[in-house]
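Take a look at the letters that make up each chain.
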Amino acid sequence: MPAPAARPASASTTVVRRYRAEPVWVPWVFLAPFLLSFGVFLVWPLIQSVVLACQQTFGPKSTAWVGFANFSFLLHDPLFWKAVSNTAIFAAGSVFLQLPVSLGLALLLNRPGLRGRTVFRLVFFAPSLVGLVFVGLLFALIFAPRTGLVNSVLHDFFPAFDPEFPWLQIYVMPALILAALWLYAGFNMVYFLAALQGVPEELMEAAALDGAGPWHRFRHIVLPEILPVGTFVVLMSLLGSLQLFELPYILLTGSGPDNRGLTIVMYLYDNGFVTGDLGYASAVGWVLALLMGSFALGQRWLNKRQEES
Amino acid sequence: MSLSNAQRQKLLLIPIYIALTVAGIFTLIPFAWLVCAAFKSNADIFTSNFLPLGDGFLGVAWTRLTLVNFVRLFKELGIGVALTNSVFLSATSALLATFCCSLAGYALAKFRFAGRGLVMSLVLAALVVPGSLLMAPGYKLLYDLGLLNSFAGLILPGLTPAFGVFLFRQAMVNAVPATLIESARIDGAGEFRIFFTIVLPLVRPMIGAYLMITFLGTWNNFIGPQIVLQDPASFPLSVAINQLRGLYGTDYGLIMSGTMISIAPVLALFLLLQKEFIAGLTSGAVKG
Chain U
5 MPAPAARPAS ASTTVVRRYR AEPVWVPWVF LAPFLLSFGV FLVWPLIQSV VLACQQTFGP
65 KSTAWVGFAN FSFLLHDPLF WKAVSNTAIF AAGSVFLQLP VSLGLALLLN RPGLRGRTVF
125 RLVFFAPSLV GLVFVGLLFA LIFAPRTGLV NSVLHDFFPA FDPEFPWLQI YVMPALILAA
185 LWLYAGFNMV YFLAALQGVP EELMEAAALD GAGPWHRFRH IVLPEILPVG TFVVLMSLLG
245 SLQLFELPYI LLTGSGPDNR GLTIVMYLYD NGFVTGDLGY ASAVGWVLAL LMGSFALGQR
305 WLNKRQEES
Chain A
7 MSLSNAQRQK LLLIPIYIAL TVAGIFTLIP FAWLVCAAFK SNADIFTSNF LPLGDGFLGV
67 AWTRLTLVNF VRLFKELGIG VALTNSVFLS ATSALLATFC CSLAGYALAK FRFAGRGLVM
127 SLVLAALVVP GSLLMAPGYK LLYDLGLLNS FAGLILPGLT PAFGVFLFRQ AMVNAVPATL
187 IESARIDGAG EFRIFFTIVL PLVRPMIGAY LMITFLGTWN NFIGPQIVLQ DPASFPLSVA
247 INQLRGLYGT DYGLIMSGTM ISIAPVLALF LLLQKEFIAG LTSGAVKG
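As given, the protein sequences belong to chains U and A, one line each in that order.
Under the working numbering, think of the first position of the first sequence as 5, with each following residue one higher.
Under the working numbering, think of the first position of the second sequence as 7, with each following residue one higher.
Next up, chain A with everything else stripped away, as it sits in the complex (with noise of 0.2 Å):
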């Protein structure tokens, strides 16, 4: 008696499953680690790798868990400043850039004029300009325009990324009928209007990815923030908690706090809109 095709192909799914659950444990312990050493007390961080063990359920001192670290970074150190700031120039940055790219995608997708071309190939050539030889002259600059010290100088360099523009040429060029657009025109509406309401709404997914791309981006950015802002209650949460590293190194509690203080807003946007983010990351790539 041997085993049917498809038993034996079950079987082999088993090492499969073991590898893959090992890798993913792998992956998700520096996560648990984070979020169990955030909830308590220096003295258990000393003591207990991941949750503090007593006579509790499940054998763990659920009693010992504490809020004591998010309190005082928001109460003593005035972290809410930092995650406001972060929200402000992730959301602004990711909403201006994903207009203004959408808006330049359009023109160089649907419209014929002299001079396309040429605009196409600045938008490649942007492409491969890497952002470390822009850093020491486009400080300079914002030196110059009075830009240093702002938000502005941090949210007007990367108001139209070539990257954005290129991918919604991409996604427009398939994903918006010529036809439904000269029917609008002739129907007598503005250009603008036709944007809005006929051009975006086609490409919603793409508009789901990059505004996510773009406020992703922001959130984790460093060295921009490191480099223009030198007042502290301008800092994001990146700067931030790094400048509390500096100043509280050995208080583990408040640091690994505070890390997870900047993780869990983007691991939770991302899970909320996975399915929108993946279906605009594909859309860009497949059908380009």
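The following block holds chain U by itself, in its conformation from the complex (with noise of 0.2 Å):
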């Protein structure tokens, strides 16, 4: 039956191959999931939580209007200013200690000829992967009085050092802040290196052959090549200390001696979830949303000057 092979080819490919348009309802039902999680988990909890941050709640069935008294609250509450004051010590310390250590770990790995890069950025890198919870559980015991290792290794070079100090009773920022750096330093270390790998070798070797010393090299080349994702990856830190709960709650079981370990977060997880005023937790959120998106701004000014002058 050779019919349909003999007809003439042309006249129908000409007919067939036109373009033809995909269908409307497409791309809407691949969205379809997107829009409903979106709609469902994002938006009506965020009206919901306006409602919330005027009311009174205990527990999720009563609840009481109480209007803008959560915030005035809020306000004047010491504990809360004493989480914000934790919150900035612990930003400041990852900023001005994880940044410099991670800047240095890509500067060594992106020097030219070095053999074992792939081996070393997998050993930094690792620790990221270990989620807070495990982390805050680890140093717990790292910092433990007796069997802790700082202890037991201090005791074993000092036999002095008395094995039962309580670091996590004394120390509650510096162990936070430690415990940051092991988890982030090799995770903001990616970053970092491939900006550096984007600045161009012929320049730096131009440079040097005109007597630029390390020092100058680094100044004038390859910090504004890596400035863009040195702000990005501030603001990433900042926000992330922002949002610090799970480290100090796991690694102090709760808020430490005399609160020295409160964050803003914590702070909205006892309100909201221990004392059960979703309400008042509603608020925190706010003032927190608000903090983070001032970070946020200000990083896009920054950038916004840079790119100007």
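Keep in mind the hints are simulated off the structure, nothing from the lab.
Built from N, CA and C at the ideal position, the CB exists for glycine as well.
Check each hint, because a few of them may be wrong.
Computed Cβ-Cβ distance ranges for the label pairs, DEER-style [unchecked claim]:
1. Asn-155(A) - Pro-218(U): 55 to 65 Å
2. Asn-55(A) - Pro-178(U): 13 to 23 Å
3. Phe-80(A) - Gly-297(U): 38 to 48 Å
4. Gly-123(A) - Pro-218(U): 45 to 55 Å
5. Gly-123(A) - Val-55(U): 42 to 52 Å
6. Leu-18(A) - Met-177(U): 34 to 44 Å
7. Gly-84(A) - Ala-92(U): 35 to 45 Å
8. Pro-27(U) - Asp-237(A): 44 to 54 Å
9. Trp-85(U) - Thr-53(A): 43 to 53 Å
Starting from two chains that each stand alone, build the complex the way the hints lay out.
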């Protein structure tokens, strides 16, 4: 039955090959899961949180309208300000300790001719796979009196050192910052390394031939090139610090001695899920969101200024 | 006789190797210490730092190492259930999120339709909403929907993260040629078939990376299950090990082996998939 093959091919293909518009419904079907979960689990809770922020609740069931009282109580609660200042100290510690370490590691790894770069990168990156909960558990054990690694090593080297020394009772913030350094240094390093690999090699060589020392080359060639990534990493660290919860909550089994490990999100959690006032927790959430938003806007403003100059 | 340039370069690398090795040791020590402690009895944890000293090979008392902590965890304390819960939650979340995000990313990358710009700005808006703002109202919502204390209450809110939609859109804009899709349509392939047989294989590195990201994120999530789940039989490792520590706080061997069980699988998974993982991350970041 040779009939179909005998038909003149050219005529039919010009008709069929014409661009067939994709059916209108297709993208909407593909987007359905996103739109559905966006509406149900983002837009609706956001609206709810505005309403809740003006209510006092006891669990999800009983509520009372309090207007802006949550916010005025919040701003007058010394505990909230304690949480804010703890969070600020932690953020400063992470930015000023973590970022130089991350950048330093990246600079070392980026050295031309270095062997084993992949292995080193893997090693430094490994801690960032460990969740904050488990880092908290691990460092609680490391800083533990008597059995902890820190105390037993110190006691071995300096027999006068008291093996019962309670690090987590005394040096709360340094312990937190150190644990975060272990966790995030390699993670930030990956970003810096990617940026450093974008620095043109010829430019560095030309500068070296012209007699520019390592510091000058870093200051005038490398730094401008990696600055955008740098501000991005700073922003990420700040936003991450503002949302700090699990690490101190687990490491200190709560807010720590004298609330020295209390963070804003822990304050939110305690009020919302221990006391059961979801309304007040929503108000805390909004204040936190405002803080984070202002940091993000600040970073955009800085980036703009850099581009203009 | 002065050194050649190449030799000088090599000499200059020595301090760099030393610095990197020292940093590497500090990075690995917590892991090594944890693994050693997990295999020691509580008595040996008190008396030795890493491995118990003795007269075995390399001066280590290998015979004193023990599995007693793991036996207790699995036999007496039923940590196997928590392990299963973690695997189930992480795998389900990762598969569902990767599927839904790749679908949405494909729609935004390769279709022209009225409202696309609007949906794209919804995605970007969702990216900036902090999770902690949604904690309290999200809890109330799950209560209203009757999803508290269920796995669905943990999985559904993370069904289609905006971050994933964004990543897949970026990857597909360049990696999937429009002509390929068009010719498949001309050949009469259905839209879902095009998606599964043509589009998805082209972004395989991205799929690997995103599966890994969401798996890790769920595995390491603590606050979610802590708030949503109440029945101890449904706890994943993150919550279960923390509970264990509340009950057996001074039983260090138990806590250390529990922590090790929680960390080791994700590290192993990463080591197995790291090529795919890194390829996916860079393809998403560079080609965007």
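Given a hint of 55 to 65 Å, does the C-beta separation of Asn-155(A) and Pro-218(U) actually sit inside it? With Cβ atoms ~59 Å apart, the hint holds.
Indicate whether the distance between the beta carbons of Gly-123(A) and Pro-218(U) respects the range 45 to 55 Å. Between Gly-123(A) and Pro-218(U), where Cβ atoms are some 48 Å apart, the hint holds.
Does the Cβ distance between Gly-84(A) and Ala-92(U) fall inside 35 to 45 Å? At roughly 42 Å between Cβ atoms, Ala-92(U) and Gly-84(A) fall inside 35 to 45 Å, so the hint holds.
Are Trp-85(U) and Thr-53(A) spaced within 43 to 53 Å by their CB atoms? holds (45 Å)
Is the distance from the Cβ of Leu-18(A) to the Cβ of Met-177(U) consistent with 34 to 44 Å? This hint holds: roughly 38 Å between Cβ atoms.
Cβ distance range 13 to 23 Å for Asn-55(A) and Pro-178(U), holds or violated: holds (22 Å)
Within 44 to 54 Å: is that where the Cβ-Cβ distance between Pro-27(U) and Asp-237(A) falls? holds (45 Å)
Is the distance from the Cβ of Phe-80(A) to the Cβ of Gly-297(U) consistent with 38 to 48 Å? Between Phe-80(A) and Gly-297(U), where Cβ atoms are some 47 Å apart, the hint holds.
Outcome of range test on Cβ distance (Gly-123(A), Val-55(U); 42 to 52 Å): violated (30 Å)
Hint check: a violation occurs at hint 5 only; the rest are consistent with the structure.
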